[in-house]
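Going down the list, the sequences are from chains A and B. Following our numbering, the numbering of the first sequence begins with 1 at its first residue and continues without gaps. Following our numbering, the numbering of the second sequence begins with 1 at its first residue and continues without gaps.
Treat the hints with care, as some may be off.
In silico lysine-lysine, BS3-like type, Cα no more than 27 Å apart, as pairs [to be verified]:
(1) A:LYS55 / B:LYS6
(2) A:LYS55 / A:LYS31
(3) B:LYS6 / A:LYS31
(4) A:LYS218 / A:LYS194
Please keep in mind that the hints were generated in silico from the structure rather than gathered at the bench.
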Amino acid sequence: MTPFWSAWIMFLIVFNLGITLFLFLWGPRVKIPVLPDGTTGHVWAHGVLREGLNKLPLWWLLFSGAMFVIGFAYLYLYPGFGSFKGALGWTSHQQLADDTAANSAKLEPLLKGIADQPIEVIARNAEATRIGERLFIDNCAACHGRSGHGNALLGAPNLVDGDWLYGGDGETLLASINDGRAGVMPPMGGSLDKVAIENLANYVLSLSGADHSPAKAKLGAPQFAVCAACHGPTGTGNPALGAPNLTDGTWLYGGDLATIEQTIRDGRHGVMPAWRTRLSATDVRLVAAWVHAQSHANAAP
Amino acid sequence: MAGGYKYFEAIEKRALLLGVFTAIMVSLGGLAEITPIFMAAHAVKPTLGLKPYDPLRLAGKDIYVREGCYLCHTQMVRALRAETQRYGAFSTAEESVYDRPHQWGSKRTGPDLARVGGKYSDEWQRRHLLDPRSVVPESNMPSYPWLSQALVDGADIQARMRTLRLLGDPYSDADIEGAAAAVGGHTEMEALIAYLQGLGIANEPAGVSANKQEGTP
Chain A
1 MTPFWSAWIM
11 FLIVFNLGIT
21 LFLFLWGPRV
31 KIPVLPDGTT
41 GHVWAHGVLR
51 EGLNKLPLWW
61 LLFSGAMFVI
71 GFAYLYLYPG
81 FGSFKGALGW
91 TSHQQLADDT
101 AANSAKLEPL
111 LKGIADQPIE
121 VIARNAEATR
131 IGERLFIDNC
141 AACHGRSGHG
151 NALLGAPNLV
161 DGDWLYGGDG
171 ETLLASINDG
181 RAGVMPPMGG
191 SLDKVAIENL
201 ANYVLSLSGA
211 DHSPAKAKLG
221 APQFAVCAAC
231 HGPTGTGNPA
241 LGAPNLTDGT
251 WLYGGDLATI
261 EQTIRDGRHG
271 VMPAWRTRLS
281 ATDVRLVAAW
291 VHAQSHANAA
301 P
Chain B
1 MAGGYKYFEA
11 IEKRALLLGV
21 FTAIMVSLGG
31 LAEITPIFMA
41 AHAVKPTLGL
51 KPYDPLRLAG
61 KDIYVREGCY
71 LCHTQMVRAL
81 RAETQRYGAF
91 STAEESVYDR
101 PHQWGSKRTG
111 PDLARVGGKY
121 SDEWQRRHLL
131 DPRSVVPESN
141 MPSYPWLSQA
151 LVDGADIQAR
161 MRTLRLLGDP
171 YSDADIEGAA
181 AAVGGHTEME
191 ALIAYLQGLG
201 IANEPAGVSA
211 NKQEGTP
């Protein structure tokens, strides 16, 4: 703040508080002329209403006096009087730093060792996973749902079914969260016509034993050679690429014929953002631990 | 203090004088609190590396304003622990230099968006704008389906950029020249998503991220 604006503020405060304090002290002492009938002579409605004269109530005087005291105390203790920083030296940024430090100190015993323990161990720490759940709800639930059941519209995987695209061990979870994932299935609509796509989709359905037309699946089988590059010759997927297992009946975007045809024709581009810049290393470990705990608690034996 | 009454009488019996004095006393607070910051705002410089909006994001920003997103979403992370932990580093005035008008807002029905860029995928943003409840079941945000049907008008964006240049935003002739091509064929939906995805992350003021706290919910 420039000296001019500091002086401007100081002047206005002194002017304002000076006038109001003067009026507060002086006003009640001013003698108001009174007529013999005890009124001031001010009349309304042709004399029906006449203004009397009462002392200011004590509660009002005390309340107003307290306001002045509080106002002066505030301007003395806190920043407000121009560039005067206040006797307490309070700043909002320092308050934030103090609050943050106090909270860190409170959590320190709880978070001790989080940086070194494997995710599998942290997953058994109920307090740590409770924090992880809060972080999950705030950051991950928008796609994966509050309970981690995923969202087929987005191709956001179910995280609690024990079925993994890239792997569900602690280190892989950390990598997925820290650096994100891009699950790219290229569109095949350019090289395959409508009938070929339908045949291929039937073949894909046959891999998991779902309802399909065996005749069409047989016709589609040779086309799967292209798909095998990522999904493997038998369609069991490839965790290194995040290529889904097509034989297990678990579907990212949906396992009905129309959806699979759409997936083959238009491709898919699932994006898991990288959280390294948004969450601290500890936060990421806590989230990973919660996910690990959920997936292993709920996984089919 | 006898005789003081005549001053009160003089003011109270003249409505105009009473009005003028009242106006002066009422304006003191505003003059002290608003004027200095209002004047100082002209001297605020953009944070290091902060660039004026590219044409598509600029279009998105104006759609954000047009649709009234600010009525439910703030773009100001305050210097409070609960906010810096949830949203990231607190906002600074320098980050909003190219926001005309700024989108700080004061109503938070939805979450703060100051640092939402990159938090979700483009596809998530698209689904969410088309039908918020398809991704967040408990959301009460309205749907904005018309955004995916309207195209951004290139000439209009050029006019906006020229106006912003008059106000001091450093757009070059080449920037404005290329604006129509940059937004050509893009829907309002794409523009808004580009704007949202640019919020925060790259604009995070250097050195302030230290106020992010480790390991807390």
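Comparing the hints with the structure gives:
1. As the CA atoms of LYS55 of chain A and LYS6 of chain B are separated by approximately 19 Å, the hinted pair is consistent with the 27 Å bound.
2. Annotation: proposed proximity of LYS55 of chain A to LYS31 of chain A holds, straight-line Cα distance about 11 Å (limit 27 Å).
3. Note on LYS6 of chain B and LYS31 of chain A: the hinted pairing holds, with a Cα-Cα distance of about 10 Å set against a maximum of 27 Å.
4. Restraint check for LYS218 of chain A and LYS194 of chain A: satisfied, since their Cα atoms lie roughly 16 Å apart, inside the 27 Å limit.
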